[in-house]
Amino acid sequence: MFTNDMARKINASMDKVKKAIEKGNGHTILSTGITGDDARMAKAVVDAGVTMLEPNHPAVALARGYRGVTTMHAAEQVRHGITVAQMAEVTQGVRNVVGKDIYITVGIPGGFTEILPTPLTDDDFLMMARAGADGLHTHKSSLYDLEELVKKAHKYGLCVDAYIGLSTDLHTFGIPAEKPEETARLARQMEEIGTDMIGLMTGMSYEGLEAGQIPTILKERLCAMVEAVKVPTLAEGGINMDNFRAFKETGVNILVIGTAIDGMAGKAVAAAAAEFLNI
Numbered sequence: 068m069f070t071n072d073m074a075r076k077i078n079a080s081m082d083k084v085k086k087a088i089e090k091g092n093g094h095t096i097l098s099t100g101i102t103g104d105d106a107r108m109a110k111a112v113v114d115a116g117v118t119m120l121e122p123n124h125p126a127v128a129l130a131r132g133y134r135g136v137t138t139m140h141a142a143e144q145v146r147h148g149i150t151v152a153q154m155a156e157v158t159q160g161v162r163n164v165v166g167k168d169i170y171i172t173v174g175i176p177g178g179f180t181e182i183l184p185t186p187l188t189d190d191d192f193l194m195m196a197r198a199g200a201d202g203l204h205t206h207k208s209s210l211y212d213l214e215e216l217v218k219k220a221h222k223y224g225l226c227v228d229a230y231i232g233l234s235t236d237l238h239t240f241g242i243p244a245e246k247p248e249e250t251a252r253l254a255r256q257m258e259e260i261g262t263d264m265i266g267l268m269t270g271m272s273y274e275g276l277e278a279g280q281i282p283t284i285l286k287e288r289l290c291a292m293v294e295a296v297k298v299p300t301l302a303e304g305g306i307n308m309d310n311f312r313a314f315k316e317t318g319v320n321i322l323v324i325g326t327a328i329d330g331m332a333g334k335a336v337a338a339a340a341a342e343f344l345n346i
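Count the sequence shown with our numbering and you get residues 68 to 346, in order.
These are calculated hints, taken from the structure and not from any lab test. Predicted model only: the values in this text are computed from it and were never measured. Just so it is clear, CB atoms sit at the ideal spot from N, CA and C, and this is done for glycine as well. Among these hints, one or two may not hold up.
[Said to hold, decoys possible] Cβ-Cβ distance ranges computed for the label pairs, FRET-style:
(1) M308 x E245: 33 to 41 Å
(2) G116 x N78: 22 to 30 Å
(3) H94 x G330: 44 to 52 Å
(4) E215 x E249: 33 to 41 Å
(5) K315 x A335: 20 to 28 Å
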């Protein structure tokens, strides 16, 4: 493969990320869910100022009603049935309408820790790069697996964002690290193997907390990750209009927003349909 060509592609992609963070004075959002896999909704958020998008295979499974799923939780159980070719088609469609300056990272089957064995071939990485992806949104559960994926992604000019999770998470969405010091150590190891952006899965229960707050241990883990690495950092899961300021206060660069916007969009559509029915 042409290594300099691919390095130039990665650098150009990361420049998009840096510009997005600089534009927001150190913070930005990455929009996912229906705004990542539906080209119309992707254009809507881009028109509003969003410059980072994430199509992913569980969201596509949910959007297509794959195997009859109607919740994201159910979609996570069958996401491996979505094909890389389907994700390439979704990515190409989104790229066509948002233009070249928007950063697109894509979750593909095999890029997560799947329930069933889901191998990725060189052709899969090439397909995603040619479809317009800047990077791969990944949820591997070991440093070894992540390093293998990073090497292959970089070979085809794709950046990689990867996540730290907890062993108790409902779904395996990252390499586990429980305490802040463990989180910092793992983040540094992820950076050392070439991970381009490092995130923390934050979809924890906020029950019993004051409005706008997040759990103390979550805040400490986020701060530890942010302080440990030089690459851009992300938080994903449970971020909404009530608590997003508390997330920003940790210093994390990118807030991944999916379910919150999906919920707002669903209510808006239902309200509009009800208005027409009442005419």
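Structure-based check of each hint:
1. Between M308 and E245 the beta carbons are some 29 Å apart, a value that contradicts the proposed interval 33 to 41 Å.
2. The hinted window of 22 to 30 Å between G116 and N78 holds, with their beta carbons roughly 24 Å apart.
3. As the Cβ distance of H94 to G330 is approximately 22 Å, the hint placing it in 44 to 52 Å is violated.
4. Look at E215 against E249: about 22 Å separates their beta carbons, and that is not inside 33 to 41 Å.
5. Remark: the range hint 20 to 28 Å for K315 to A335 is upheld by a beta-carbon distance near 25 Å.
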